[in-house]
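Engineer: Protein chains in written order, with full-length UniProt numbering: chain W, 1 to 860; chain V, 1 to 96.
Hints may be right or wrong, so weigh each one.
What the hints assert, rightly or not - Pair ranges (Cβ atoms, derived): (1) V:59 to W:683: 56 to 64 Å; (2) W:244 to V:49: 25 to 33 Å; (3) V:71 to W:608: 46 to 54 Å; (4) V:62 to W:277: 55 to 63 Å; (5) V:52 to W:731: 54 to 62 Å; (6) W:233 to V:62: 47 to 55 Å; (7) V:52 to W:277: 19 to 27 Å; (8) V:71 to W:244: 52 to 60 Å; (9) W:277 to V:59: 18 to 26 Å; (10) V:49 to W:237: 21 to 29 Å; (11) W:237 to V:62: 47 to 55 Å.
Stated by the list, open to error - Straight-line distance between alpha carbons at most 35 Å, and here's what the computed DSBU-like set of lysine-lysine pairs gives: (12) W:729 to V:52; (13) W:801 to V:15; (14) W:801 to W:791; (15) W:729 to V:74; (16) V:74 to W:175; (17) W:615 to W:729.
Claimed, not checked - Away from chain V, derived, C-beta distances all over 10 Å, residues of chain W: (18) 553; (19) 648; (20) 664; (21) 846.
Hints listed in this document are in silico derivations from the structure and should not be mistaken for laboratory results. Computed from a predicted structure; not experimentally measured. Backbone N, C-alpha and C define an ideal beta-carbon position, used for all residues, glycine too.
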Amino acid sequence: MAPKKKKTSTGSAGNKGRGKEILTPTPVEQPDHPEDIFPIVLTSATQELFGCRADEDVTRESPFKLLKKDSIVQDIKTRAAVSDFSPVKQTVLDYPEDEILLVFDREFTYGQRFYLVLTPKAKDGILCPPQPETLEVLENRINNTPEPKRWISLGSEKEIDEECVKETRDKLLYKFSRVRRKFGAPVCFSDRSAADAKGGYLECASYQDSRFSIKQMQRDCGMQAVPGLQSSSAQTQWIVQRNVFTQYKARELSKVEIENILQTESLKNFLNSVTFRLLKALQEEEVMKVFVDDCKALGTESEAGDWSGNVSEGLMLYQAFSNQNYTADRKVSCINWHPTIFGVIAVALTRRKVEQLNESAVSDTGASLIVFYSFSDPSHCQLLLECPDDIFAFEFCPSDPNVIVGGCTNGQVVLWDISAHISHLEGTQSSGKTVSETFELDDKKENKTPVVRYCAVSALESGHKAPITDVKWLPPTFEVTRTGSPVENRNHASVQFVTCSPDCSILFWDVRVKQLSQSASDRKQQTTPYAVPDRFKHLDWTWKPLFRVSLPKINTTGEYAPLKFNFEPYTRESTTDGGTDKADENEADSDIPDFSQLSAHSARTLPALADVNTKLYIGTEDCEIIYTDWKLVKDDSGRMHSSKPLHCCNIHHGMVNTVQRSPFFKDIILTIGGWNFAIWKEGVMDGPIVLSQGFEQVCTVGCWSLSRPAVFFIGKENGSIEVWNLLEKTNEPVHVQAHATNDTISSITPWVASPKQHFLAVSDCLGIVRVFEIPKKLYIPSRNEALSMKKYFEHGEEGLKDFLKKKEQWDKQNAELDKPDAATLESEELTVKEYSDYLTLQESILKGRGLMPAAVTQHH
Amino acid sequence: MAEVEETLKRIQTQKGVQGIIIVNSEGIPIKTTLDNSSTVQYAGLIHQLVMKARSTVRDIDPQNDLTFLRVRSKKNEIMIAPDKDYFLIVIQNPSD
Numbered sequence: 001m002a003p004k005k006k007k008t009s010t011g012s013a014g015n016k017g018r019g020k021e022i023l024t025p026t027p028v029e030q031p032d033h034p035e036d037i038f039p040i041v042l043t044s045a046t047q048e049l050f051g052c053r054a055d056e057d058v059t060r061e062s063p064f065k066l067l068k069k070d071s072i073v074q075d076i077k078t079r080a081a082v083s084d085f086s087p088v089k090q091t092v093l094d095y096p097e098d099e100i101l102l103v104f105d106r107e108f109t110y111g112q113r114f115y116l117v118l119t120p121k122a123k124d125g126i127l128c129p130p131q132p133e134t135l136e137v138l139e140n141r142i143n144n145t146p147e148p149k150r151w152i153s154l155g156s157e158k159e160i161d162e163e164c165v166k167e168t169r170d171k172l173l174y175k176f177s178r179v180r181r182k183f184g185a186p187v188c189f190s191d192r193s194a195a196d197a198k199g200g201y202l203e204c205a206s207y208q209d210s211r212f213s214i215k216q217m218q219r220d221c222g223m224q225a226v227p228g229l230q231s232s233s234a235q236t237q238w239i240v241q242r243n244v245f246t247q248y249k250a251r252e253l254s255k256v257e258i259e260n261i262l263q264t265e266s267l268k269n270f271l272n273s274v275t276f277r278l279l280k281a282l283q284e285e286e287v288m289k290v291f292v293d294d295c296k297a298l299g300t301e302s303e304a305g306d307w308s309g310n311v312s313e314g315l316m317l318y319q320a321f322s323n324q325n326y327t328a329d330r331k332v333s334c335i336n337w338h339p340t341i342f343g344v345i346a347v348a349l350t351r352r353k354v355e356q357l358n359e360s361a362v363s364d365t366g367a368s369l370i371v372f373y374s375f376s377d378p379s380h381c382q383l384l385l386e387c388p389d390d391i392f393a394f395e396f397c398p399s400d401p402n403v404i405v406g407g408c409t410n411g412q413v414v415l416w417d418i419s420a421h422i423s424h425l426e427g428t429q430s431s432g433k434t435v436s437e438t439f440e441l442d443d444k445k446e447n448k449t450p451v452v453r454y455c456a457v458s459a460l461e462s463g464h465k466a467p468i469t470d471v472k473w474l475p476p477t478f479e480v481t482r483t484g485s486p487v488e489n490r491n492h493a494s495v496q497f498v499t500c501s502p503d504c505s506i507l508f509w510d511v512r513v514k515q516l517s518q519s520a521s522d523r524k525q526q527t528t529p530y531a532v533p534d535r536f537k538h539l540d541w542t543w544k545p546l547f548r549v550s551l552p553k554i555n556t557t558g559e560y561a562p563l564k565f566n567f568e569p570y571t572r573e574s575t576t577d578g579g580t581d582k583a584d585e586n587e588a589d590s591d592i593p594d595f596s597q598l599s600a601h602s603a604r605t606l607p608a609l610a611d612v613n614t615k616l617y618i619g620t621e622d623c624e625i626i627y628t629d630w631k632l633v634k635d636d637s638g639r640m641h642s643s644k645p646l647h648c649c650n651i652h653h654g655m656v657n658t659v660q661r662s663p664f665f666k667d668i669i670l671t672i673g674g675w676n677f678a679i680w681k682e683g684v685m686d687g688p689i690v691l692s693q694g695f696e697q698v699c700t701v702g703c704w705s706l707s708r709p710a711v712f713f714i715g716k717e718n719g720s721i722e723v724w725n726l727l728e729k730t731n732e733p734v735h736v737q738a739h740a741t742n743d744t745i746s747s748i749t750p751w752v753a754s755p756k757q758h759f760l761a762v763s764d765c766l767g768i769v770r771v772f773e774i775p776k777k778l779y780i781p782s783r784n785e786a787l788s789m790k791k792y793f794e795h796g797e798e799g800l801k802d803f804l805k806k807k808e809q810w811d812k813q814n815a816e817l818d819k820p821d822a823a824t825l826e827s828e829e830l831t832v833k834e835y836s837d838y839l840t841l842q843e844s845i846l847k848g849r850g851l852m853p854a855a856v857t858q859h860h
Numbered sequence: 001m002a003e004v005e006e007t008l009k010r011i012q013t014q015k016g017v018q019g020i021i022i023v024n025s026e027g028i029p030i031k032t033t034l035d036n037s038s039t040v041q042y043a044g045l046i047h048q049l050v051m052k053a054r055s056t057v058r059d060i061d062p063q064n065d066l067t068f069l070r071v072r073s074k075k076n077e078i079m080i081a082p083d084k085d086y087f088l089i090v091i092q093n094p095s096d
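Bound-form chain W, shown alone (with noise of 0.2 Å):
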């Protein structure tokens, strides 16, 4: 639609012609003519023709004329160049409709009389919207607001009416009243929802009806396939170990180069700068010791932290065990530590001689026992273990501390096995005694202490023939077979021990299974009439010994009477197969190995150990300390027989009861007979390296301190224990406990509790078992004691050696001054000779003379 708006762009051709002749207004057209417009000459004569003359055809009113478009066709074919259409012939060619509109244009507006309006478009624009524009000017005005249109429905009715809200039915109107009485007063409404009475509402909820279920036959659905990404790596190990070396040597100088280098000027300066330093540091060390504290040294280790008021310088009285029941009139002959088990100690009761002279035959007050005691419950014995016969002496097996034995008075050996009362033991550490039930003979007895019968005992005939005086095991580390010569022991326990008695024999025990014994344990299937554990059944009975050691004396005839023996104990230092065995010890601690499996190796089967020390260093009941080997010699017969005591000596003047290594030094031995005390070094036969005087009292027993190497303790027949220490005083005790107990002592044994409670049991003739502790000071080493003992003994030997020397000199001059007897006799012969020879002459003389007296006759 042609607007009708006022338009000032030049948009639409025939309008703002229009619009411009009308509205005066308008701003200024622009002079050209648009597009649509052609402004065109026509001649008076082309007027005519057409009708359009100027002011009589058309006219200021009707300027349009519509011409024919055929005409002016025929027009242009008729006058060609000359007619007035010309110019625009293409246009009316083209021109679609049949009339084109012709102007009159009175005022120029084109620049010429009339023009042609070339479209139909244009014309409809110019003929038409006029008619309304000849309205007046206010008319088009207020026709130019838009004039509401009808509406055309898109679709938002819909919308609306759906957002809007609109009442679905009518309100509902209830009026309530109430009673008249209550009229006016207050009321109370409330809510209540559908939901809180019970048939506020219902419900329709909703099931799922079967009917309604439609089963999926078929589904689309998509896959995707991902490919999963996943990282992973490898790295290979170089296995093929490949061997690299580098070899590298020291440089060194040639010798011309050393040469060369001595001689420079730069060496001799660097010494002469140097050498000063150097010696005052070389002498520095002589001068002053800069790291050792020399005032610490003085004092001995206890007193170092050792401020407690009470800084006792003897042993205290720990305990004391005693038992009326069994200790009554006996007297203590042994006693020993129970090497794990902490307090428990386990003593050897016989009864007393005295008794025994007095009455013909043996009075039986009661069995033979050994007691255990405990540190817990010192009156009440913890275990009782039964001999057949007193015992003089036991021991503890190294490697398992559950089987002990024995030696009787009557020359048997005894073995006990208590691991069934371990347990028992150890409970009483903690607490107070716990009943067994098993292994009682007694069960009436109130304290019911457990008693524990002997496993086994060797065979009256093949024991001893005079009590048994000391016992000892053969440490786990070598065994010895049948003539004597130590093997190594494969099953790292203790299998064998050593047994003396004063009948002048030394025999060596096996407790395993000998090969032979097989009738014999047939024989032996009767049952032990109590429940004892059957570990060493095989011995019972039947037990002989391994083989004997006698004991020839030197030079004379006879036997030496051993009372008290000691062996060096071996320690295993061989290292080629060190590995293996210390696998197989772990595994042997883990598992004691069963006794009655065991089975005595035959000699060639296992390696001989060449450096286990086979001597012996027996005390004697003549006073008399003996070295000798056990290894059984063939002699010129071919049977194997001991071979004689290398070394005898005779030092004490009283029966030897004890003999006993150092711990601390495998070569020191103290032996204590009588009245005095000796310290043997095992290699040095001629005597003791030091030997102490006679005391007052006898000596009956004594031990080496576990702890100091100087440190031994000796106990006396008046009950009184004597501490020596033999690097502070070498001719008297350090201490004397005197009255420790009140009757003689007749053992001593200490023992290592923890590092800070070292424990001396000292049991007397009285059955009373004591137990000391040993002070701070007793028992922690000096520094350096070791080593000092160790010079302290190597003077003692060489004391001993250059008294040995003198001795020879001595003794040689002694024999020199015998032989001057024989010449005094000589020249007592001469002067005799001499002076008969004198009276001859006189006589002579005088009867020369005839002065002789008649008196005087020879008297020679």
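Since chain W is already given, all that's left is putting chain V on it; use the hints.
Structural biologist: Leaving out everything else, chain V in the frame of chain W:
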């Protein structure tokens, strides 16, 4: 040469001296009173120790320098006197 000998003798006569080694700055022994294998071992090891000690001292204070080094062990004492070009090692047995 004689002076060197004389000095060494002076040192050797001190109490407890077990051995003397003169080593050059590279650690090659020049003169020694011990056997060859011990000498070579001592020289090599102590040379490294002296280098380390010297560098330690100089790192802490560049004006400072190492004058003497003593290594005391349970069995003996090793004294080292370093210099610019050489050092002297003496092994002494302490008298206790």
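Engineer: Against this structure, judge whether each hint is valid.
Structural biologist: Results of checking the hints against the structure:
1. A hinted range of 56 to 64 Å holds for the C-beta pair residue 59 of chain V and residue 683 of chain W, which are about 59 Å apart.
2. Taken as a hint, the range 25 to 33 Å holds for the pair residue 244 of chain W and residue 49 of chain V, whose Cβ atoms sit roughly 28 Å apart.
3. Distance hint for residue 71 of chain V and residue 608 of chain W: a CB-CB separation of about 47 Å, consistent with the stated range 46 to 54 Å.
4. At roughly 22 Å, the beta carbons of residue 62 of chain V and residue 277 of chain W sit outside the given window of 55 to 63 Å.
5. Checked against the given bound of 54 to 62 Å, the beta carbons of residue 52 of chain V and residue 731 of chain W, roughly 58 Å apart, stay inside it.
6. Judged by the Cβ atoms, the range 47 to 55 Å given for residue 233 of chain W and residue 62 of chain V holds: they are separated by roughly 50 Å.
7. About 21 Å separates the C-beta atoms of residue 52 of chain V and residue 277 of chain W, a value consistent with the hinted range of 19 to 27 Å.
8. Distance hint check: the CB atoms of residue 71 of chain V and residue 244 of chain W are about 33 Å apart, inconsistent with the given range 52 to 60 Å.
9. Against the hinted window of 18 to 26 Å, the Cβ-Cβ separation of residue 277 of chain W and residue 59 of chain V comes to about 23 Å, which satisfies the hint.
10. Between residue 49 of chain V and residue 237 of chain W the CB atoms are about 39 Å apart, so this pair departs from the stated range of 21 to 29 Å.
11. A beta carbon spacing of about 49 Å between residue 237 of chain W and residue 62 of chain V agrees with the range 47 to 55 Å that was offered as a hint.
12. With a C-alpha separation of about 53 Å, the suggested pair residue 729 of chain W and residue 52 of chain V falls outside the 35 Å cut-off, and the hint is violated.
13. For the suggested pair residue 801 of chain W and residue 15 of chain V, the alpha carbons sit about 31 Å apart, so the restraint of at most 35 Å is met.
14. A threshold of 35 Å between alpha carbons decides the hint, and for residue 801 of chain W with residue 791 of chain W the separation of about 15 Å falls inside it, so the pair holds.
15. Taken as a hint, the residue 729 of chain W and residue 74 of chain V pair is honoured in the structure, with Cα atoms around 31 Å apart against an allowance of 35 Å.
16. Taking the CA atoms of residue 74 of chain V and residue 175 of chain W, the gap is near 119 Å; set against the 35 Å cutoff, the hint is violated.
17. Restraint check for residue 615 of chain W and residue 729 of chain W: the C-alpha separation of about 31 Å stays at or below 35 Å, so the hint holds.
18. The Cβ of residue 553 of chain W lies farther than 10 Å from every Cβ of chain V, with a closest approach of about 49 Å, so its non-interface assignment holds.
19. The claim that residue 648 of chain W is not at the interface with chain V holds, since no C-beta of that chain comes within 10 Å of its own (minimum 42 Å).
20. Against the 10 Å criterion, residue 664 of chain W stays outside the reach of chain V, whose nearest CB is about 21 Å from its own CB.
21. The beta carbon of residue 846 of chain W is kept farther than 10 Å from every beta carbon of chain V, the shortest such distance being approximately 86 Å.
Comparing the model with each numbered hint stated earlier shows that hints 4, 8, 10, 12, 16 do not hold.
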